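Taken in sequence, the protein lines are chains G and C. full-length UniProt numbering numbers the first residue of the first sequence as 1 and each following residue consecutively. full-length UniProt numbering numbers the first residue of the second sequence as 1 and each following residue consecutively.
If you're looking for bench data, these hints aren't it; they were derived computationally from the structure. Since this is a predicted model, take the numbers as computed values, not measurements. Incorrect hints may have been included.
Claimed, not checked - Heads up, simulated DSSO-like pairs for lysine-lysine below, C-alpha to C-alpha not over 27 angstroms straight-line:
#1 K122/G with K219/C
#2 K22/G with K208/G
#3 K230/C with K22/G
#4 K219/C with K230/C
Stated by the list, open to error - Pairwise CB distance ranges (calculated):
#5 A6/G with P101/C: 38 to 46 angstroms
#6 Q162/G with T60/C: 55 to 63 angstroms
#7 E92/C with W244/G: 32 to 40 angstroms
#8 A130/C with L270/G: 39 to 47 angstroms
#9 P101/C with Q130/G: 26 to 34 angstroms
#10 N225/C with V39/G: 49 to 57 angstroms
#11 E92/C with R273/G: 55 to 63 angstroms
#12 S39/C with D243/G: 47 to 55 angstroms
For glycine and all other residues, C-beta sits at the position ideal for the given N, C-alpha and C.
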Amino acid sequence: MCDDPATLNDLLWFACYLTTGKHLAFYISFGTVLLLLAVTAPAALGLGFVGAVAARSRILPLSWLGRGYIAIVRGVPDIAFFMFFVIALDQGLEYLRHHILCPDWDQPVRQGNDFLVCPAAKLPLSTAPQWLHEVYGFVLAVVTFAIVFGAFAANVLFGAMQAVPRAQIETAEAYGMTPRQAFRRILVPQMWVYALPGLSNLWMVLIKATPLLFLLGVRDIVYWARELGGSKTPQFTAYPHGDWRMWYFLFLLVFYLGLTRLSETVLNRLMDRLTHGQAMAGGEAQRRTAAAGAA
Amino acid sequence: MRLWLTTAFALVATGALAQDVVRIATEGAYPPFNFLDDSGKLAGFEIELGNELCARAGLTCEWVQNDWDSIIPNLVSGNYDVIIAGMSITEERDEVIDFTPPYFPPTESAYVAASADVDLTSGVIAAQTATIQAAHVAESGATLLEFATPEETVAAVRNGEADAVLADYDFLAPIVAASNGELMFVGERVPLGNGVGAGLRESDTALRDALSAAIQSMKDDGSLNALLAKWFPGEEIPQF
Numbered sequence: 001m002c003d004d005p006a007t008l009n010d011l012l013w014f015a016c017y018l019t020t021g022k023h024l025a026f027y028i029s030f031g032t033v034l035l036l037l038a039v040t041a042p043a044a045l046g047l048g049f050v051g052a053v054a055a056r057s058r059i060l061p062l063s064w065l066g067r068g069y070i071a072i073v074r075g076v077p078d079i080a081f082f083m084f085f086v087i088a089l090d091q092g093l094e095y096l097r098h099h100i101l102c103p104d105w106d107q108p109v110r111q112g113n114d115f116l117v118c119p120a121a122k123l124p125l126s127t128a129p130q131w132l133h134e135v136y137g138f139v140l141a142v143v144t145f146a147i148v149f150g151a152f153a154a155n156v157l158f159g160a161m162q163a164v165p166r167a168q169i170e171t172a173e174a175y176g177m178t179p180r181q182a183f184r185r186i187l188v189p190q191m192w193v194y195a196l197p198g199l200s201n202l203w204m205v206l207i208k209a210t211p212l213l214f215l216l217g218v219r220d221i222v223y224w225a226r227e228l229g230g231s232k233t234p235q236f237t238a239y240p241h242g243d244w245r246m247w248y249f250l251f252l253l254v255f256y257l258g259l260t261r262l263s264e265t266v267l268n269r270l271m272d273r274l275t276h277g278q279a280m281a282g283g284e285a286q287r288r289t290a291a292a293g294a295a
Numbered sequence: 001m002r003l004w005l006t007t008a009f010a011l012v013a014t015g016a017l018a019q020d021v022v023r024i025a026t027e028g029a030y031p032p033f034n035f036l037d038d039s040g041k042l043a044g045f046e047i048e049l050g051n052e053l054c055a056r057a058g059l060t061c062e063w064v065q066n067d068w069d070s071i072i073p074n075l076v077s078g079n080y081d082v083i084i085a086g087m088s089i090t091e092e093r094d095e096v097i098d099f100t101p102p103y104f105p106p107t108e109s110a111y112v113a114a115s116a117d118v119d120l121t122s123g124v125i126a127a128q129t130a131t132i133q134a135a136h137v138a139e140s141g142a143t144l145l146e147f148a149t150p151e152e153t154v155a156a157v158r159n160g161e162a163d164a165v166l167a168d169y170d171f172l173a174p175i176v177a178a179s180n181g182e183l184m185f186v187g188e189r190v191p192l193g194n195g196v197g198a199g200l201r202e203s204d205t206a207l208r209d210a211l212s213a214a215i216q217s218m219k220d221d222g223s224l225n226a227l228l229a230k231w232f233p234g235e236e237i238p239q240f
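Let the hints inform the model, and build the full structure from the sequences given.
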């Protein structure tokens with residue numbers, strides 16, 4: 001049916017147009033983006049937690065490491081990070097493998113502008129199927145996103161840890177808790193409520209940062225929307241059309257708004273739950289409402 | 001000593017060619033050179049050409065789609081081995097990477113505008129980032145408006161953001177033809193670049209020689225001209 005779209009009526013034309021291989025790739029890329037978010041968010045949060053703990057550490061070198069990580073990564077523009085850090089990371093890994101796998105290699109690795117490791121050290125191997133290269137690119141993307149957003153998360157968590165009232169820790173100590181116990185039982189459970197507004201901001205920014213993926217060869221929804229929406233001349237497609245980017249971006253707008261709305265609902269519920277029983281204005285308000293309801 | 005050096009060189013040369021798969025990068029956004037067809041696969045003049053070159057050189061090739069901005073950094077860092085992406089041979093690029101002899105003759109770039117009376121020397125001219133056209137506009141005194149993809153440069157003229165776009169004539173010709181008079185060529189053509197060639201790492205001499213020989217053999221038997229005629233039909237078919 002779709003062999004000669006020019007003869008079809010509008011409805012059938014669109015049915016064919018919206019199911020081309022290109023469009024299927026567009027639909028699949030929504031899954032890619034959601035998967036990236038699902039993997040990156042916990043990874044960045046974990047890295048942020050480690051960074052914040054390191055920055056607060058009483059061991060000076062560890063504290064410098066944590067603070068340095070936060071300061072440097074936050075200061076570098078995302079696009080520079082995505083273009084240069086990723087290439088450096090990739091080259092670093094290949095360099096390590098090169099030394100392990102090809103000890104007899106006598107050629108220099110750096111020749112002018114070129115970076116040459118032995119074929120066995122390539123990551124992935126140049127013989128590997130294309131999907132493996134794409135998975136590798138995706139993993140690099142996750143690592144890079146986690147490092148960048150981890151630095152911002154670390155700063156948020158660092159602030160949140162400082163915001164927990166000192167009296168809470170002192171009380172814990174008075175009960176005979178070790179610093180480690182006080183950290184785990186008192187500080188961490190209480191800091192989330194201070195961290196959540198900042199973390200939810202980061203989440204929203206992360207949702208919209210996925211177009212950076214194409215710099216790593218991963219084609220995301222914005223790439224496909226631009227590619228599909230761009231005007232098409234009849235020589236190169238069976239479905240010529242003008243500049244339809246507006247419609248595709250409108251579709252993305254709806255998708256992003258839906259995702260944002262969903263996130264807000266979930267985050268609000270989480271906030272409610274975290275506020276429960278806290279020694280702060282929000283927790284107090286909750287307690288009063290509950291008490292008024294009971295009376 | 002000399003014999004030893006020659007043998008060593010031969011070993012290196014075969015080493016480079018012995019890699020089982022040659023990975024070729026292209027942009028996939030520059031018809032008729034390279035683009036995505038309706039099924040989402042790469043197609044175009046350069047895809048057919050590249051496959052033929054690989055067949056003639058006895059190589060197994062695999063295509064990779066890469067963003068234009070990072071296409072050279074990823075080549076020198078070894079993520080793929082060849083760039084076949086409508087890349088003009090220029091001195092600046094030649095300092096960083098190596099080129100085969102051109103498989104597409106030195107072309108003229110052309111201005112396209114929505115009306116005939118635009119001022120090309122002081123107006124706003126759109127061009128793709130990091131192209132010879134962008135460099136030319138920057139030197140010409142006009143205001144340069146850069147875009148990441150070729151498609152966006154034309155869209156900027158359509159929606160009035162730019163007065164004109166400067167791009168390869170062969171990229172613009174099908175667009176002007178399909179625009180029903182909305183877009184037109186204006187001003188003088190500008191000869192830029194030294195033709196379009198395949199880009200390689202400077203150290204990858206064996207692969208460069210293999211591809212250069214394959215290009216030469218396609219020029220000799222006329223199959224390159226036939227391929228050009230197929231993909232660039234019209235009044236001015238680029239020929240060798």
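Hint check:
{"no.": "1", "hint": "K122/G with K219/C", "in the structure": "34 angstroms, violated"}
{"no.": "2", "hint": "K22/G with K208/G", "in the structure": "22 angstroms, holds"}
{"no.": "3", "hint": "K230/C with K22/G", "in the structure": "24 angstroms, holds"}
{"no.": "4", "hint": "K219/C with K230/C", "in the structure": "15 angstroms, holds"}
{"no.": "5", "hint": "A6/G with P101/C: 38 to 46 angstroms", "in the structure": "40 angstroms, holds"}
{"no.": "6", "hint": "Q162/G with T60/C: 55 to 63 angstroms", "in the structure": "58 angstroms, holds"}
{"no.": "7", "hint": "E92/C with W244/G: 32 to 40 angstroms", "in the structure": "36 angstroms, holds"}
{"no.": "8", "hint": "A130/C with L270/G: 39 to 47 angstroms", "in the structure": "44 angstroms, holds"}
{"no.": "9", "hint": "P101/C with Q130/G: 26 to 34 angstroms", "in the structure": "29 angstroms, holds"}
{"no.": "10", "hint": "N225/C with V39/G: 49 to 57 angstroms", "in the structure": "50 angstroms, holds"}
{"no.": "11", "hint": "E92/C with R273/G: 55 to 63 angstroms", "in the structure": "58 angstroms, holds"}
{"no.": "12", "hint": "S39/C with D243/G: 47 to 55 angstroms", "in the structure": "22 angstroms, violated"}
The structure fails to meet hints 1, 12 from the earlier list, while all remaining hints are met.
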